[in-house]
Amino acid sequence: MTGSFNTVIQLIYLLAASCFVLGLHLMNNPATARRGNQVSVAGMVAAIVATGVLVVHLGTITATGWAVIGAGILVGGGAGLYTARTVKMTAMPQLVSIFNAVGGGAAALVAIRDFMSVGSGITASHSVPTVLDVIIGSVTFSGSIIAAGKLQGLITSAPVTFPGARFVNLIVAAAAVGVGGYVVAAPSMASLGIVIAAALIFGITMVMPIGGADMPVVISLLNAFTGTAVAMAGFVIGNTGLIIAGALVGASGGILTKLMADAMNRSIGNIMLGGFGSGDSVAAIAGPAGAGVQSIAADDAAIQLAYASKVIIVPGYGLAAAQAQHEVAALADLLEARGVEVSYAIHPVAGRMPGHMNVLLAEANVPYPLLKEMDEINPEFARTDVALVIGANDVTNPAARRPGTAISGMPILDVDAAKSIIVIKRSMGHGYAGIDNELYTNPKTSMFFADAKKGLAELTASVKTLVG
Amino acid sequence: MLLTDFIIFVLSLWVGFEVISKVPATLHTPLMSAANSIHGVVLAGAIVIAATAHNAVGYVLAFVAVAFAAMNVVGGYVVTGRMLKMFRRRPAPAAPAPAAQSAPAVPAAGNGKVTA
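Line by line, the protein sequences are chains A and B. So the first sequence is numbered by my numbering: it starts at 1 and just counts up by one. So the second sequence is numbered by my numbering: it starts at 1001 and just counts up by one.
Be aware that a few hints might be false.
Said to hold, decoys possible - Below are the DSS-like pairs computed for lysine-lysine, each with C-alpha atoms no more than 25 Å apart in a straight line:
1. A:Lys464 <-> A:Lys454
2. A:Lys372 <-> B:Lys1085
3. B:Lys1022 <-> A:Lys444
4. A:Lys372 <-> A:Lys419
5. B:Lys1022 <-> A:Lys258
6. A:Lys310 <-> A:Lys454
To be verified - For the chain A half of the interface with chain B, some residues (derived, Cβ under 7 Å), not all of them:
7. Val55
8. Ala63
9. Thr64
10. Val68
11. Leu81
12. Val96
13. Gly105
14. Arg113
Said to hold, decoys possible - According to the in silico footprint, chain A covers these stretches of chain B (three or more CB under 8 Å from chain A):
15. 1025-1033
16. 1043-1049
17. 1059-1072
18. 1080-1090
Keep in mind that the hints were calculated from the coordinates and are not lab data. No residue lacks a Cβ here, since even glycine has one placed at the ideal position from N, Cα and C.
With the hints as extra help, turn the sequences into a complete structure.
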C-alpha cells in the first residue's frame, strides 16, 4: 500500500516537472508565454498539494506543524502577492533578487533543519548535498540581499572594495568549503554553523565590490545559484520534484549568466574570482575630448525624424533611469502615425537584468514585434535614416571593434552605420567603461543635449508643431 | 539512490539548457522571473521539514522556510504573469499601415488606454 502511494506521489512530481519544462518551452514566443506561465502554475499547485497529501500520509506532523505551515504560507504568500502586484517595472531586478534571496534561504533552511533532525549519524551521500545546499543557499541569500540593496540604492551602487579584498574573499570561500568538508568527515552542528556564517559573509563580500552596471551578470549568477541550492535540497530530502525544478533554474541562470557576461565582454571565470565591477583594469585611451562634436536643436532633430522613412531607437539604461520609456513610446507612435518605420534596437545589457529594457518598453505599450535583438537589428542600421540613441553609451561605441580599448571585443550595436545619428545625452560624460565614445565625434552624429525625459517630450512637441 | 538522483539532476540540466536557449532575448526578464517561481517548489521541501518538526527550533526554522518559499512562489508567478500581460502585438485598430495621418496623437492615446 505504501509502495503504491509513493508511486502516485512520485508520478505527480513527474507531472509537475513536465509542466515546468512545458511552461519554459512555451516562453520561446511572446504569444504563448502567458499560457506557459499558467501551465507552470498548474504544475506547482500539483506538487504542493501532493506534498500536503504526503505529509498527511506520513502522519508525523503535529497540529503546531500544520499551524506553522499555514502561517508561513499566509505571511510569505501575502508578502509575495503584495510586492508582485505593486512593484514598478523599473524595480524588477530588485524583486527578482529578493525572490532569489528567499528561495536560496529556504533551500538552506531545509538542509539545516534536516541536518539537525538526522544528527551525527548522517551518511556521506546525505551530508555532501547538505553542505553544498547550505553553502550555495547561504551565499545566495546574503548576496542577493546585497544586490537588491544596491539596485534599490540603499547600498551604494559603486564598487565597494579595499586593498586585499580579493584575498579576504578567497579566505572566506576557502573557510566555507574547508569546514564544509570537515562537516562531512565529522558531522556536528557547530561546524555547520561556521559553514553557514562563512557562506553568508562570502555572499556579502562577493557582491559588494560589484558596480551597478554589472548587475545583469550578478542577478543571473545568483539565479543559477538558487536553482542549484534548491536541487541540492531535493537531494537532501530525496525529492525529485525539487531536483528537476532546481536543475531547470540552474540551467536557465547559467545560460543567462553566460549571455550577459559575453554581452559585457567579461569571462565567467573573471566574475567568479571577484574581479569584476571596477572596470579600471585597462587604461582609458583618451580621444580628442569634446573635439568635433556637433550639437543639434530640438526642432532640427524633430524634422530629421519626421521626414525619415526608417528610424531605429537605441535605448539604454539611461532611458530607464530617467523614467522616459513612456515619452519614447509617445514619440515613436507619433512618427509611426506619419508613416515612419520605427523599431527598437535592444542590446542584451540595456537595463539592470537580462531583457529588462524589453519589459520597460512593453509596459509603455510598445508592441513586442518592434523590439529587435542585437543580431537581428545590426544589419538594418545601414538602411536606416536616423538612429536615435537615448541613454546608451558603451554599447554603441565603435571603439569596441578595435583591439586595445577597455571595451575591445564587446558586441555593440552598429549605430554608426546609420545615415544619420542623433544622441540624446545630458553631457559629454563617459559611459561605464570610462572611455570616450567615438560615435559622438562621427561627422554623421548630432548631439541633442538634454535630459532623456525632457528631451523626448521636446522632440515630440516639435514634431507635432512643425509637421503635425 | 544518490546516483539515480544525480542522473535525474544532470539530465534535467540538459533539458533546461535545450529549452531555455530557445527563449528570445525579448523575454529574458519574464524567463528569469518564471524560473524564479519554479524554484519556489522548495516550498514542498519546507512543508516536509515542518512535518518532522517537534520542538521550538524546528518550528521556527520551518516557519521561516515556508514563509520564504511561499513568498518566492506566489510573488514569482504573479509578477511573471503581470509582465507577460504587457507583451502585446499592436492592437488591431492602430495597424502598422500609415493610415491615421490626420490625427496622429489620438491613436497613441487610445492605445495607452487599451493596454494599460
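Hint by hint, here is what the structure shows:
A C-alpha spacing of about 15 Å is found between A:Lys464 and A:Lys454, which places the hinted pair at or below 25 Å, so the restraint holds. Pair hint A:Lys372 plus B:Lys1085 holds up; C-alpha atoms about 19 Å apart against a cutoff of 25 Å. Note on B:Lys1022 and A:Lys444: the hinted pairing is violated, with a Cα-Cα distance of about 37 Å set against a maximum of 25 Å. Our distance criterion of 25 Å between C-alpha atoms is met by A:Lys372 and A:Lys419, whose separation comes to about 19 Å.
Of the supplied pair hints, the one linking B:Lys1022 and A:Lys258 holds, its CA atoms being roughly 14 Å apart against a limit of 25 Å. Restraint check: the Cα-Cα separation between A:Lys310 and A:Lys454 comes to about 23 Å, which is no more than 25 Å; the hinted pair holds. Checking A:Val55 against chain B: minimum C-beta separation of about 4 Å stays under 7 Å; hint holds. With 7 Å as the threshold, the beta carbon of A:Ala63 stays out of range of chain B, its nearest partner Cβ sitting at about 11 Å, so the hint is violated.
Evaluation of the A:Thr64 hint against chain B yields a held restraint, the C-beta minimum of about 6 Å falling below 7 Å. Nearest Cβ of chain B to the Cβ of A:Val68: about 5 Å, under the 7 Å cut. The hint holds. Hint status for A:Leu81 relative to chain B: holds, with the closest Cβ pair at about 5 Å, below 7 Å. A hinted interface residue such as A:Val96 counts as satisfied when its beta carbon comes closer than 7 Å to some beta carbon of chain B; here the least separation is about 6 Å, so the hint holds.
Because the closest C-beta pair between A:Gly105 and chain B is about 5 Å apart, less than 7 Å, the hint holds. For A:Arg113, the interface hint holds, the least distance from its beta-carbon to any beta-carbon of chain B being 4 Å, beneath 7 Å. Counting residues of the segment 1025-1033 of chain B whose beta carbon lies closer than 8 Å to any beta carbon of chain A gives 9, which meets the minimum of three for the stated coverage. Evaluation of the coverage hint for the segment 1043-1049 of chain B: fulfilled, as 7 residues show C-beta separations to chain A shorter than 8 Å, against a requirement of three.
For a cut-off of 8 Å, the count of residues in the segment 1059-1072 of chain B with a CB near a CB of chain A stands at 13, and the three-residue condition holds. With 11 residues carrying a beta carbon less than 8 Å from a beta carbon of chain A, the segment 1080-1090 of chain B meets the three-residue requirement, and the given coverage holds.
In this structure, the hints that do not hold are numbers 3 and 8, in rising order.
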